[in-house]
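Asks: Here the protein sequences line up with chains X, E, S, F, Y and W, keeping their order.
Here this note's numbering = 1-based position in the first sequence + 1.
Here this note's numbering = 1-based position in the second sequence + 1.
Here this note's numbering = 1-based position in the third sequence + 1.
Here this note's numbering = 1-based position in the fourth sequence + 1.
Here this note's numbering = 1-based position in the fifth sequence + 1.
Here this note's numbering = 1-based position in the sixth sequence + 1.
Honestly, the hints are just simulated from the structure, not real lab data.
Mixed in with the good hints there might be a few duds.
As the list claims (entries may be wrong) - Distance condition first, Cα-Cα at most 27 Å in a straight line; then the derived DSS-like pairs of lysine-lysine: (1) W:293 with W:154; (2) W:176 with S:176; (3) W:293 with W:147; (4) S:3 with S:293; (5) W:234 with F:234; (6) Y:153 with Y:293; (7) Y:293 with E:232; (8) E:81 with S:87; (9) S:147 with S:176; (10) Y:147 with Y:81; (11) Y:232 with E:234; (12) E:154 with E:3; (13) F:232 with W:154; (14) S:3 with S:81; (15) X:118 with E:118; (16) E:232 with X:176; (17) E:118 with E:176; (18) Y:234 with Y:118; (19) F:81 with S:81; (20) S:119 with W:234; (21) F:119 with Y:232; (22) Y:81 with Y:119; (23) X:118 with X:3; (24) X:147 with X:293; (25) Y:3 with Y:81; (26) X:81 with W:118; (27) S:234 with X:234; (28) E:81 with S:81; (29) W:176 with F:232; (30) Y:81 with X:81; (31) S:118 with W:81; (32) F:81 with F:118.
Claimed, not checked - Which chain F residues face chain S? A few, computed with CB under 8 Å, are given here: (33) 29; (34) 186; (35) 218.
Claimed, not checked - Pairwise CB distance ranges (calculated): (36) E:154 with S:205: 56 to 64 Å; (37) E:292 with F:49: 36 to 44 Å; (38) W:134 with S:179: 36 to 44 Å.
Cβ coordinates follow ideal geometry from the N, Cα and C atoms, glycine included.
Number of protein chains: 6
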Amino acid sequence: MKTRFISQLRPGDSLAEQFVLTEKTMAHKKDGNSYLNLVLSDRTGRIDAVVWDNVDQIASQTESGQVVVVRGQVGSYRGKHQMVVKEMTAVSAQEINPTDFLPATERDTDQMFERLKKLSESLQQDHLRDLFGAFWSDEAFVTRFKRAPAAKKMHHAYIGGLLEHTLSMAVLADKISEHYSGIDRDLLISGVLLHDIGKLREYTYDVAIDYSDEGRLVSHIAIGIQMTEDKIKTISGFPEETAMLLKHMIISHHGSRELGSPEPPKTIEAVMLNCIDEMDSRVQAIRDFMTKEDPGEMWTSYHRLLERHFYRGRPAR
Amino acid sequence: MKTRFISQLRPGDSLAEQFVLTEKTMAHKKDGNSYLNLVLSDRTGRIDAVVWDNVDQIASQTESGQVVVVRGQVGSYRGKHQMVVKEMTAVSAQEINPTDFLPATERDTDQMFERLKKLSESLQQDHLRDLFGAFWSDEAFVTRFKRAPAAKKMHHAYIGGLLEHTLSMAVLADKISEHYSGIDRDLLISGVLLHDIGKLREYTYDVAIDYSDEGRLVSHIAIGIQMTEDKIKTISGFPEETAMLLKHMIISHHGSRELGSPEPPKTIEAVMLNCIDEMDSRVQAIRDFMTKEDPGEMWTSYHRLLERHFYRGRPAR
Amino acid sequence: MKTRFISQLRPGDSLAEQFVLTEKTMAHKKDGNSYLNLVLSDRTGRIDAVVWDNVDQIASQTESGQVVVVRGQVGSYRGKHQMVVKEMTAVSAQEINPTDFLPATERDTDQMFERLKKLSESLQQDHLRDLFGAFWSDEAFVTRFKRAPAAKKMHHAYIGGLLEHTLSMAVLADKISEHYSGIDRDLLISGVLLHDIGKLREYTYDVAIDYSDEGRLVSHIAIGIQMTEDKIKTISGFPEETAMLLKHMIISHHGSRELGSPEPPKTIEAVMLNCIDEMDSRVQAIRDFMTKEDPGEMWTSYHRLLERHFYRGRPAR
Amino acid sequence: MKTRFISQLRPGDSLAEQFVLTEKTMAHKKDGNSYLNLVLSDRTGRIDAVVWDNVDQIASQTESGQVVVVRGQVGSYRGKHQMVVKEMTAVSAQEINPTDFLPATERDTDQMFERLKKLSESLQQDHLRDLFGAFWSDEAFVTRFKRAPAAKKMHHAYIGGLLEHTLSMAVLADKISEHYSGIDRDLLISGVLLHDIGKLREYTYDVAIDYSDEGRLVSHIAIGIQMTEDKIKTISGFPEETAMLLKHMIISHHGSRELGSPEPPKTIEAVMLNCIDEMDSRVQAIRDFMTKEDPGEMWTSYHRLLERHFYRGRPAR
Amino acid sequence: MKTRFISQLRPGDSLAEQFVLTEKTMAHKKDGNSYLNLVLSDRTGRIDAVVWDNVDQIASQTESGQVVVVRGQVGSYRGKHQMVVKEMTAVSAQEINPTDFLPATERDTDQMFERLKKLSESLQQDHLRDLFGAFWSDEAFVTRFKRAPAAKKMHHAYIGGLLEHTLSMAVLADKISEHYSGIDRDLLISGVLLHDIGKLREYTYDVAIDYSDEGRLVSHIAIGIQMTEDKIKTISGFPEETAMLLKHMIISHHGSRELGSPEPPKTIEAVMLNCIDEMDSRVQAIRDFMTKEDPGEMWTSYHRLLERHFYRGRPAR
Amino acid sequence: MKTRFISQLRPGDSLAEQFVLTEKTMAHKKDGNSYLNLVLSDRTGRIDAVVWDNVDQIASQTESGQVVVVRGQVGSYRGKHQMVVKEMTAVSAQEINPTDFLPATERDTDQMFERLKKLSESLQQDHLRDLFGAFWSDEAFVTRFKRAPAAKKMHHAYIGGLLEHTLSMAVLADKISEHYSGIDRDLLISGVLLHDIGKLREYTYDVAIDYSDEGRLVSHIAIGIQMTEDKIKTISGFPEETAMLLKHMIISHHGSRELGSPEPPKTIEAVMLNCIDEMDSRVQAIRDFMTKEDPGEMWTSYHRLLERHFYRGRPAR
């Protein structure tokens, strides 16, 4: 359990604390002796570190990717903080609290989940309510569903982000399905709930958010199709057409081939799912980005993926 | 005033009715005598017609684009209806009821306008309320605003379509601005109200919907900027930043250069305006399209602009 | 069972023969009486037809898409053959020989299948041999696998086309895996065998080749993933990594997002599968196209999808 | 030698005149007898024609693509002119005046050529003057250079069009090379003269403008490179760098890969050549297009390649 | 007023000089004491600097973006010049000569402006001459018009660049309008003069060239439309069609949507304006780029925006 | 002749060895004295180096791009090897063994060439055999053909790479031409042999692989066309159509305009050449890339040109 985080460290601090050992590289001084360059991280950021003594022993006992306990002192090098490390040893899994190392949603995960569950219980079609009942009673699924991020970098890129994103979309879908006549609310909300469940397996999110092998090779779209198919098979008499339409919503939710969907949305509900997903992702991505930027500036720095600066306006605004 | 419409005509009908003379071409029979091929239209569709007698007189008294009174009889040629025209004369402007010739919204225009007005009165910022007050008290503006279509072909392509589209977006914007924290509701709703006003001058919509010269040469985006600027100048003390942000929402509402916006959305409200516009346009475009298609088919025909067939599902659905 | 085909018909011929009733439209003569315009087809082409008598009875007894028996006489209208139909009645399923109506591979389906089977038995990994054993002993699968086309229009667009395409690719893959060192032959050949199996359900191919609802909504890529996953579950101890790599080959075989693959090929075998698929499809598409063209011309007509004319060279060549 | 052209024909005219037999198709009447549908053309347009009598004889004596003498009478069919042909025989090459069948520049070809020659004589570098001397004294080259079109459809698509386009560009290049300092006028003007000479072989333009086999297979860019290289080899001591820069201008003159240049312009003169070419082609393409359109309309019809309507303005303008 | 510029500084120099304080970052030495890393700039370039003493006082008295007076000594660090700063204080606006800090055109601004004015007086249409008369007598406009750059980075990115670019284009337009018949010279030259005037407000260019808020949010195209509209309103009887055509030239001058024009050029003069703009921008961009490159090299370094190396040729050339 | 290579150097080593002097930059210490920063390279990699003494003399005697003999000692700076250079002098051409400085194919060049020659002798058409006879008896050609790389960076980017790539393709073409019926084996294999010969002049590859001026300005496609044309001219009676088809294969072998071919493949053999080229280039590019990567990792680093990570799988695989 951590008590001090990287964002709080100041030159002069002495500490013994857990970090993720993000990078570890052996280097050589002019006199031929070796030393270690490290990058340590936790959920608040990263810090450079060096090991001058006991280099070989420390190098052999630890591996990059692990959580380690580090004893050392914070200094400064070229205008940046740098830790000089005296001791560093790996930490066993039980001693680790993953939320120390990964940013997490600020909202209550259980409350969000309960709201989502209630929405699923409001569906009119028995088979759909049964389908989500089957998901919610699958403990392994629920545990991962509450933890999974919605992305590695872009939006909701934190523990609980997928749940937060799914709930936000579901509430919007509920409102919008009333706004337009002729929308199949059951279908739209079910599509929202299922569209990204493949992300439970597309990412790893124990002490860092990254793609899993399966995520990189098979994509969350195909994983989601399989997860949905598997659960549908457990519901007897599930209508074939509904199954097909749900899978269509998963496969088409990116909107076009260029964005990763082999088929574009071909029902009005699939079109709406795509629009709601895009709005929620973009709004949240921009808000996440603005939050991290210098609050004194009217314009954000350049957003590489969205390819523009954003305007935050005069301070008084 | 029309009593019978093209969709109601059957072979054998005799009639004397107003139509738009959409096309008029002189042709020649094998014996060298000339005749006229016509296309007539009203808000329910088009019909082919021929003039065999009094050809020169009829040809010289009418011009394509005009509304004409036609006396004749409906027959059939190559499996399609065809009218044989005996007399055809131009109609003076006073005798014309434009709604006979152009499809119109099925909703009550005045009621829609009142709802929009009320939304504009709910804005918190005085200057914005004053701005819309100035628009609503400009009679020429309001008259056109209630009639303008939102497009020539794609979505809301009928009299009153712009008002219908704007109101639908404003109601959605209102709902969504509550859903997310940190949204400037005043700005978002004002942007929705203004984003397409350039369409009042981009189209002509007297007896047919078409682009105006100004629309083709200057685009509704630039026209809208000028109309907004002109009205803002009449409001003393209108904040410069707000003026700039409103114009930004107009110029960026298509979302990207490829889609016709010289600048992409750079505020969170402009991003949301673009998302809401896209959703409302697409949902309505697809519903308009599905309505026109054969209700017995599970799939629509190919939609050229959206490049796909849409699925309407099993009849029982 | 048909004895005469559309390509053999000549003006003056009388006949009573089966055709697919591809189109059926009611039309009206000048005198107000109705008649029927038809399009009839079989595996050799299409012919226009008209029904002048007993129109209502004939119209009510048949549906477009059905196979019908037609009695009538071949004439000529505007320079094209036209059949005047006297009688037309629907045909029951047992009387139909589907190969009369759909073009089919010219090669022996059973021989092709045996060769493919042998190739699958040459794989070194037990689990893969078991997997294909499971497919080959699934009769419903094999029946469809021997009949499915590889496309609706482009290449191998005929009964047995998928098998022909898969075998051609597998033989090439076998040769090429020897050419390069370090290729996992088992993986490459298995990927070839599985990459398009989703097409068994993407198309319907009873008396016409068209997309199925599932094909249009879910795509052969996602269907193929599910079919593979389902079979793999029946093989105990099937290695997880191999399963993932097979599914990767299915999902990536179009090469890029623009071409419909959510993930690009990320193993050397997936890259090769994509190359071999592209070569075999293109070579066959061009040969199919050249075959249909006028043999006296040095250049083919314009190929719309490949966007060019092809050169066939001087006759003597 | 023709005396009457298609644009002058009126129903009732009898004539015996040369035309290009552009299309010839055998057709059948209801009674089983055959007739011929023809399309005839000359430099003023096209006309449909039919042969009712002596069909077999006429069909066997003529081939599409040939110039024929036709005796017949002009009538009208479905509102379009149609010629009923009594006799039609092929014409020998000596009797043909190609300018009867292909549209040609309205300017004096010899005068244009002399002006171009003079410009080439104004170059400062001896080797370049020698190079063009070699071209101008190659009679086969000059004959074709004076006749070649600059395109099949787009701009300057008529006999002498390439010369007209090249001269217009050369005069512009001369003016512009004075406007900017630091431009190598010799290089720029030489590049203009050579950039399109591959078109002499890319097109055939005897009685119709079409692509040659070599044009379709090798492209005017590669042909132009070879023609330039061949001539340079005849000039002793021609500087290697200059040769390379001239070939660069030929290969890069379309400006980018997407437009057909394997390399983009990499010298300031090549950049200017590309700009001047684009301006001259577009201005002329739009003027050619406007000329053909209805002078009473303020807007042209839709230009498919340039993807827009053009505005010609109020008549009084 | 500056006497020494960054490009002239050498290690060992002592100086007290004005610079723009482009960057200012607080840093910490290993002993915990703080120091300042600076970047200073003037119109000849940039230099790194450090402050070791009086750090807090100096940091609090100055802000990045300001012009400051710096007292210090030039040294060298890691092979680059570095200034050690002893004192640094902000400078009041009156003491600043902006041309010290921003690169400027090498040509005489007043002479260029007079030439442009004369061209505008040569227009035939009274209303157009009046329009430009109104612009030239608007002092605030003229002051900014003489100073504005044409771009931030690409071409004419210096004080007076817009005037230089506009004049160059106007002279070219004058020449080219003679070259082609049927060009409306008045319209073309007026379009050239107006096409970029929105850049007066799109950029800020006091001591650095950057985008203004209005520039980023509204774009120079929409600003230019408003500036033109505002001036036209002051000319009584200005023809509506001419106003529309001028605005069309502004809005379409980038040539296509992808390049930022909501409408493509739809008159022959708008097409020519786009061509001339492209030629002048590219030629100047490449010349600016070549000038900055090592004169001893035959090839320039890679140009990121134009995506190529440029060839400057053998030295003797 | 080198005895030690950069990949073998360790801190503490003293040596006197040849290297390519890749970069040379003068720098200044704080005391005002100058020193040299160098980058040295050989076929195994690059090393940084510094010269502290005799700086001016050493700087004036050597030029970047040259091969030099260096005397010095290996140390370490910031965790990377760095050589401190005592003496450095240029080396005359005779003393240089180019294979010391450029990576080369691991296969026997002469054996590969013999295999290729035999393949060319297996062609059935006399004129084609004669053409390759002419190439093989052109010693300057053969010398360069055995040395040329196939690319600067992507695939086969080493001495002998072009020969290796050409041979691999030719063997594949041979196999594949048997697989499909109706392929002109002579044409396909000849096209393979010729398609990249322009690379002999597109690159320079004495002590470093780079583009030649001609390569950058004229492209290997146009160079290859000229080389082929020149050789064909020496074969009397070479069929024109064959010449045209060979040149077509050279010009179209990149497959599309976007990839640098002015014309796409328009014969079945040209289509196959393009497919085989793509497969061989990609397979080899990925294998080259995987080889350089850390063998302990399951995924490669990001491949910038192919825009993905590649999966190498579990170690045991």
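Asks: Taken at face value, is the distance from the CA of residue 81 of chain S to the CA of residue 81 of chain E at most 27 Å?
Replies: holds (21 Å)
Asks: Please verify whether residue 3 of chain S and residue 81 of chain S have alpha carbons no more than 27 Å apart.
Replies: Measuring from Cα to Cα gives roughly 23 Å; hence the hint holds.
Asks: Is the hinted pair residue 176 of chain W and residue 176 of chain S satisfied, with a Cα-Cα distance of at most 27 Å?
Replies: holds (8 Å)
Asks: Do the alpha carbons of residue 81 of chain X and residue 118 of chain W lie within 27 Å of each other, as the hint requires?
Replies: Since the Cα atoms of residue 81 of chain X and residue 118 of chain W sit roughly 63 Å apart, the hinted pair is violated (cutoff 27 Å).
Asks: Can the restraint linking residue 232 of chain Y and residue 234 of chain E be considered satisfied, given a maximum Cα separation of 27 Å?
Replies: Between residue 232 of chain Y and residue 234 of chain E the Cα gap is close to 15 Å, so the pair holds against 27 Å.
Asks: Taken at face value, is the distance from the CA of residue 154 of chain W to the CA of residue 232 of chain F at most 27 Å?
Replies: Violated: residue 232 of chain F and residue 154 of chain W sit about 36 Å apart, past 27 Å.
Asks: Holds or violated: residue 29 of chain F as interface residue toward chain S, Cβ cutoff 8 Å?
Replies: Constraint on residue 29 of chain F satisfied, holds at 4 Å.
Asks: Does residue 118 of chain E lie within 27 Å of residue 118 of chain X when you go C-alpha to C-alpha?
Replies: Violated, because 39 Å separates the two Cα atoms, which is more than 27 Å.
Asks: Taken at face value, is the distance from the CA of residue 87 of chain S to the CA of residue 81 of chain E at most 27 Å?
Replies: Cα-Cα ~23 Å, so holds.
Asks: Run the distance test for residue 154 of chain E versus residue 3 of chain E: straight-line Cα separation, threshold 27 Å.
Replies: holds (24 Å)
Asks: Starting from residue 234 of chain Y, check that the Cα of residue 118 of chain Y is at most 27 Å away, please.
Replies: holds (21 Å)
Asks: Between residue 3 of chain S and residue 293 of chain S, does the CA-CA distance stay at or below 27 Å?
Replies: holds (23 Å)
When held up to the earlier numbered hints, the structure conflicts with 7, 10, 13, 15, 16, 20, 21, 22, 23, 26, 29, 31, 32, 34, 36, 38 and fits the remainder.
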